[in-house]
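Produce the entire structure from the sequences given, and follow the hints as far as they go.
Its first residue numbered 12, the sequence shown is counted upward by one per residue in the working numbering.
I should point out that these hints are in silico values taken from the structure, not numbers from a laboratory. Quick caveat, the model's predicted, so the values are computed rather than measured. C-beta: ideal position from N, C-alpha, C; glycine also. Keep in mind that a hint or two might mislead.
Claimed, not checked - Distance ranges between label pairs, derived from CB positions:
1) Leu-259 with Ala-49: 39 to 47 Å
2) Thr-72 with Ile-44: 39 to 47 Å
3) Phe-121 with Leu-68: 52 to 60 Å
4) Ala-182 with Leu-259: 25 to 33 Å
5) Thr-46 with Pro-209: 33 to 41 Å
6) Ile-90 with Ile-44: 17 to 25 Å
7) Leu-220 with Gln-163: 24 to 32 Å
8) Leu-68 with Leu-220: 25 to 33 Å
9) Ser-113 with Leu-52: 34 to 42 Å
10) His-302 with Pro-94: 30 to 38 Å
11) Trp-253 with Phe-121: 32 to 40 Å
12) Leu-68 with Pro-224: 36 to 44 Å
13) Gly-63 with Leu-259: 41 to 49 Å
14) Leu-215 with Pro-285: 27 to 35 Å
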Amino acid sequence: MKHSIKIYPIELISFMWIFITGLFIIVFPYSVIHTTEAHLLRERAFILASFGALIYLHRRTRWDFIRYFRQLIPIVMIIYWYPETYYYNQAFFKNIDPFLISADQWLCGFQPSTMFSYWITAPWFSELMNFSYVSFYFVLIFIHFYFLIVNQKKAFFTAFVLLNSFLLFYAFYIILPAEGPQFFVCHNPATALPMTGPMRRLVLFFHSLGEVPNGAFPSSHVGIMMTYMLLLWFHARKVFVWLLPFSLLLAMSTVYIKAHYLVDVIAGAAFAFPFYFYSVWLWNKLNEWLHPVRK
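Structural data, given as structure tokens:
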């Protein structure tokens with residue numbers, strides 16, 4: 012007799028995100044900007060229906076490749092969930108950038124996001140920073156494929172931990188809207204980044220696909236970078252050593268290209284640790300609940 016096909020933990024947290032954010036939109040309709048509550052809720056209904064159709068197809072066909080698809084595709088949804096936070100982030104605050112700027116000034120006595128690129132203007136260094144920033148996306152893809160090849164269960168575990176951490180960061184973006192220096196701070200020509208160079212153009216291309224004036228605090232770039240370094244430390248120590256230099260450069264690049272204030276970087280790194288260990292705990296609990304071991 013064939014085993015029944017159940018919901019996977021990564022799908023469940025996706026459903027929870029859809030439900031919680033949908034409820035948030037209904038309770039705080041005045042938080043919605045540049046779109047309508049109805050539009051946001053319709054998109055949630057469509058996404059839920061798509062998940063349901065995929066699960067139904069898996070149950071009918073029992074094609075094994077759908078199992079991989081179901082456990083890895085939810086993390087691709089960050090492409091949608093991140094920019095969407097911009098459309099309903101006005102429930103409690105309008106913008107916390109002035110506070111973040113003041114915090115940077117208090118910490119450093121100057122504005123790192125403005126002065127970093129002003130102090131080091133060499134084209135090669137600018138390209139290195141832009142490459143380091145965009146390498147974040149390629150490293151995420153690499154880690155998934157690495158674990159898929161080495162250990163399938165760890166690949167699903169990694170996808171869950173990363174997605175859950177992403178969603179926790181996105182919750183901050185809904186409650187604490189911050190544009191970041193690239194949008195909020197008016198830069199003069201002396202501190203503007205050069206628009207030339209293949210890596211700079213690649214960053215701008217990625218930004219054109221889904222970057223919005225929101226999501227500065229805390230830095231999910233740095234936070235998720237810390238998360239995948241924690242994953243590698245515990246589960247692939249050799250790969251950790253190879254990716255450590257990229258991670259350090261990535262943290263620097265977020266300030267250099269004006270994506271984040273320094274306090275965003277510090278907060279992103281700090282939150283990564285509780286988010287990681289909470290995600291690991293949640294993975295274990297959901298697996299116990301959804302897939303109990305029969306004695």
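Structure-based check of all given hints:
For the pair Leu-259 and Ala-49, the beta carbons lie near 45 Å from each other, so the given range of 39 to 47 Å is met. Our hint of 39 to 47 Å for Thr-72 and Ile-44 holds, since their Cβ atoms are close to 42 Å apart. Distance hint check: the CB atoms of Phe-121 and Leu-68 are about 56 Å apart, consistent with the given range 52 to 60 Å. Distance hint for Ala-182 and Leu-259: a CB-CB separation of about 27 Å, consistent with the stated range 25 to 33 Å.
Restraint check, Thr-46 to Pro-209: a C-beta distance of roughly 34 Å satisfies the suggested window 33 to 41 Å. Between Ile-90 and Ile-44 the C-beta distance comes to about 20 Å, which sits within the given range of 17 to 25 Å. For the pair Leu-220 and Gln-163, the beta carbons lie near 30 Å from each other, so the given range of 24 to 32 Å is met. Taken as a hint, the range 25 to 33 Å holds for the pair Leu-68 and Leu-220, whose Cβ atoms sit roughly 28 Å apart.
Between Ser-113 and Leu-52, the C-beta spacing of about 37 Å keeps the proposed range 34 to 42 Å intact. The hinted window of 30 to 38 Å between His-302 and Pro-94 holds, with their beta carbons roughly 33 Å apart. The beta-carbon spacing between Trp-253 and Phe-121, approximately 34 Å, falls within the hinted interval of 32 to 40 Å. The hint said 36 to 44 Å for the Cβ distance between Leu-68 and Pro-224, and at roughly 38 Å that hint holds.
Range check, Gly-63 to Leu-259: about 43 Å between beta-carbon atoms, so the 41 to 49 Å window is met. At roughly 33 Å, the beta-carbon separation of Leu-215 and Pro-285 lies within the given 27 to 35 Å, and the hint holds.
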